[in-house]
Amino acid sequence: MAQPIFQTLWKTGVVFLGALTAAAYLVLAERKFAGYFQERYGPNRVGPFGLLQPLADAVKLLLKEEVIFPQASRGLYLAAPVIIGVAALLPLAVIPFSEHFYIADLPVAVLYLLAVGSLSTYGVLLGGWSSNSKYALLGGLRSAAQMVSYEIAMALALVGVALMAQSLSLVKIVQAQQSLWFLIPQILGFVVFLIAAFAETNRLPFDLPEAESELVAGYHTEYSAFKFAMFFVGEYIHLFIVGCLVTVLYLGGWYGPWKPGPHWFFLKTFLVLFFMIWVRWTYPRFRFDQLMRFSWKVLIPVALLNLLLTSLWMAL
Amino acid sequence: MNFAPLTLELLLAGLILIVFVVDLVSKNPKVLAGITFVGLTILFFLNLLHPWYGTTFQGTFVSNSFTGFLKGVFLLAGILVSLGSLSTAEEQYRGRVGEYYILLLFSLLGMLFVVSARDLVLFFVAFELMSIPLYILAAYQKDSEASIEAGLKLFIFGTFSSAILVMGLALLYGTTGSTRFDVLAQTLTEGEALSVLGFLLFLTGIGFKVAMVPFHMWVPDTYAGAPAPFVAFLSVAPKAAGFAILFIFFLQVFANLALPWKLVIAFLSGITMILGNLLAIPQTHLKRLLGYSGIAHIGYMLLGVAAGTDLAIAMVLFYFVAYVLANIGAFLFAETAIQNEGTDQLSALHGYAQRNPLLGLYMLIFLLSLGGIPFVVGFWAKLYVFLAALKAGYGLLVFLAAVLTVVALYYYLNVARQIYIEKPASNDPVRVPASIHFVLLISTLGTVLLGLYPKLIVGPALEIARAFVAGL
Amino acid sequence: MWIFWLIAIPLVLFALGVVLSKNLFRSTIYLGATLVLTALIYLLLHAELLGFIQILLYTGGVATLLVFAIMLTQRIVGEDITQQSRGLVGGAIASLAVLLILFFFLGSSQLDFSVRPYPENLNLALGKNLFVTYVLPFEVLSVLLLAAIIGAIVMARRDR
Chain B
1 MAQPIFQTLW KTGVVFLGAL TAAAYLVLAE RKFAGYFQER YGPNRVGPFG LLQPLADAVK
61 LLLKEEVIFP QASRGLYLAA PVIIGVAALL PLAVIPFSEH FYIADLPVAV LYLLAVGSLS
121 TYGVLLGGWS SNSKYALLGG LRSAAQMVSY EIAMALALVG VALMAQSLSL VKIVQAQQSL
181 WFLIPQILGF VVFLIAAFAE TNRLPFDLPE AESELVAGYH TEYSAFKFAM FFVGEYIHLF
241 IVGCLVTVLY LGGWYGPWKP GPHWFFLKTF LVLFFMIWVR WTYPRFRFDQ LMRFSWKVLI
301 PVALLNLLLT SLWMAL
Chain S
317 MNFAPLTLEL LLAGLILIVF VVDLVSKNPK VLAGITFVGL TILFFLNLLH PWYGTTFQGT
377 FVSNSFTGFL KGVFLLAGIL VSLGSLSTAE EQYRGRVGEY YILLLFSLLG MLFVVSARDL
437 VLFFVAFELM SIPLYILAAY QKDSEASIEA GLKLFIFGTF SSAILVMGLA LLYGTTGSTR
497 FDVLAQTLTE GEALSVLGFL LFLTGIGFKV AMVPFHMWVP DTYAGAPAPF VAFLSVAPKA
557 AGFAILFIFF LQVFANLALP WKLVIAFLSG ITMILGNLLA IPQTHLKRLL GYSGIAHIGY
617 MLLGVAAGTD LAIAMVLFYF VAYVLANIGA FLFAETAIQN EGTDQLSALH GYAQRNPLLG
677 LYMLIFLLSL GGIPFVVGFW AKLYVFLAAL KAGYGLLVFL AAVLTVVALY YYLNVARQIY
737 IEKPASNDPV RVPASIHFVL LISTLGTVLL GLYPKLIVGP ALEIARAFVA GL
Chain C
789 MWIFWLIAIP LVLFALGVVL SKNLFRSTIY LGATLVLTAL IYLLLHAELL GFIQILLYTG
849 GVATLLVFAI MLTQRIVGED ITQQSRGLVG GAIASLAVLL ILFFFLGSSQ LDFSVRPYPE
909 NLNLALGKNL FVTYVLPFEV LSVLLLAAII GAIVMARRDR
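Chains as they are written, first to last, in our numbering: chain B, 1 to 316; chain S, 317 to 788; chain C, 789 to 948.
No lab work stands behind these hints, which were simulated from the structure alone. Treat the hints with care, as some may be off.
[To be verified] With a straight-line cut-off of 27 Å between C-alpha atoms, the simulated DSSO-like cross-links for lysine-lysine are:
(1) K578(S) / K707(S)
(2) K259(B) / K11(B)
(3) K458(S) / K343(S)
(4) K343(S) / K297(B)
(5) K771(S) / K707(S)
(6) K134(B) / K810(C)
(7) K916(C) / K172(B)
[As the list claims (entries may be wrong)] Distance windows between CB atoms, simulated:
(8) V923(C) / V580(S): 32 to 42 Å
(9) R293(B) / I472(S): 26 to 36 Å
(10) L894(C) / R733(S): 55 to 65 Å
(11) H263(B) / W793(C): 38 to 48 Å
(12) V850(C) / F270(B): 29 to 39 Å
(13) V923(C) / R293(B): 28 to 38 Å
We treat Cβ as the ideally placed atom computed from N, Cα and C, and that holds for glycine.
All chains, please: the whole structure from these sequences, using the hints.
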């Protein structure tokens, strides 16, 4: 576990840049796939097949005018995108991309993930509150309620995985899946986790916090330029991390039919992300009361059932 | 694992579940109160006839004659209050009577655990189980601002004192590395600075709970604002539990700690008596007056803790019984006055004895018992505690207590004067609900009977206290 | 050592912010920050589990609910809740006194503050403690939570 400090540093650098690139191209992928699902081309003007589109977007966002409203609570208004960005990047520290490539193998990594995951709620809440605008406020409130509720279901699903692997370390969890992916014994937990992940990343069909037809853009309505970019990138990094986590927790991480390695990891992550984009452009949005009822009355009981079955299975 | 010593607790938990289920089927307050009353009565007699003595969970849970006696006191308070709350519940708690009784039983369950716990963790969890339902019950009259205020005050002081208490317990654990009382007793010998701090924080935390004097400020407003039947419970059961905790900690956990804790308690006892009695004099409302008089009684009982001998412990145990009967009775009288007149102002009580002679007689007996007039139980209770303290060498303090008892007579008899001598404002008969009447009758009979034959309790109490001291 | 001060000084500042801020919403946000920084202190002491649980439960759970409640009452219902810090002088004196008492007792303590070795498998040791040694308090705790839930519902529910 103890590795020299410079090794940690270069790994951190690689993961950081990699995640940013991944997020940028996720945006492109989303737009491209959205285009295909709707029988249009999607962005194809900048570079071959539109491959340089993310770069153009970044330049555009950075060069736009910074607007800070006089009505906004300045300190908190500026803190919100920072919290979102930081909270989105923190989970990367424990994700094992291959058997040897990870920044840290924390013995309590699962708890760490849940803990830093809960911090991003603050970014959303602060953004919603400090903008001093009703759309932002409603978006922030919805998001807080949604994230707190679905976090419980997610945590309960994770306990099942931890029980199977008998460890909270992500590396050990992947190693426990060498012969059998947890997708099969933990199928209930997998479904719960995936659904909760949609809610945690604020994506359709659970994108009520920013539902554009009612709330303009939700909690980041009043943000522009670089600050908006932080929210935007944060959201896609979050999405990327969820893809990684599903791979690590349920799809056997770096293991595959042949020679294990990071290629399997990225292939699986890509498939999960493709699935999430696919769902987004296929299903309509829930109503808010349906959303809450679904979490408390369906998802959490199912997760508890899964926990019970897993404990029984492990006890036998 | 041996579950036998836990039987009483498990049965009470079962009773809670029964009330829970019945509440789903029938919202009738009479049914719910009846089940609680009958269930607690059965538990009371089971505890009396077949106590499950023993030690379990690696010595962290103890059931012996000492805890058995205390559990009897708690259950008695629960029995009287469950029936005494019925009329209030029928009128004001429509639709949430079941929860009222469930919370009451939860608090009782916490008390049963708290006196049996011989481990810091179990002790603190049980302590909270005892306290948290009380906060909610105090604010149970949701449309009354006074009741909400009472609940809020109790909540803030309660959680604050719990935080102080748990900090003290954490320090004790930190200095010894163990949470078990027996290990703590062996390790806490020298005056290690942090364990002294732990001791002080513990005393402060419990001080809030039993309302010793520097920590008593929540009492008057809470007693005045909260519903009277609940205050009847609050003013006796958690206090008895608090004293049991003091005995267990001082005689077991801190037994070898070289600290002059007896002097500290004696000092606190003195100021508690003085302040409680003096502040009770100018009160114009019955519940507030009883609140201050309750503080004074805490002072008398602390005298017994300061003495710390087996005789003193036995006498404090006896005092609990006397105090439970008289205090619950007095508060239920206040509830009757509130139901009839809408207030518990002393001037509203004018001529109650003419308007309802029986009610007046009950209250007179409670007042005499609280005041310590011969041949009701309160007299013997005071006398015995004073004697025990005198034997332990607290002559001056006993003298002070005796003087203050005379002062106390003034305000107790003042209430009696309002009831008996002052002319009634109206001649309407005072209506007493049958449930309250029954409880008043039991309390009065108990007060008189034990006043005539105090040996009935004193004998067993002495044996229990001797066994308790010897068993340490 | 310098890491400790890097955490401790903002921790104290945020804690002061909680007490002194006029705006209840800001107070709560500072509380959240205080709780995170406390968790960092736990991490510094190698109590990873405790640290992350602190963030998860207190920052992610308790403080978020507080913020939520304040947002609902303040911006939507329109009631402006400000916090008056009355009795500031008395409070300051009291907390200074507490600080001095703590310093006195800590200073005269002769305890051994050295770090003890950790058990090989921390999760296993923790589980054994929770479900074997302290199983009775654990069960009583679940009863306590049930009581608290019932109490909260009774308080919050509208009477019919």
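Please write out, lowest number first, the hints stated earlier that are contradicted by the structure. No hint contradicted; all consistent.
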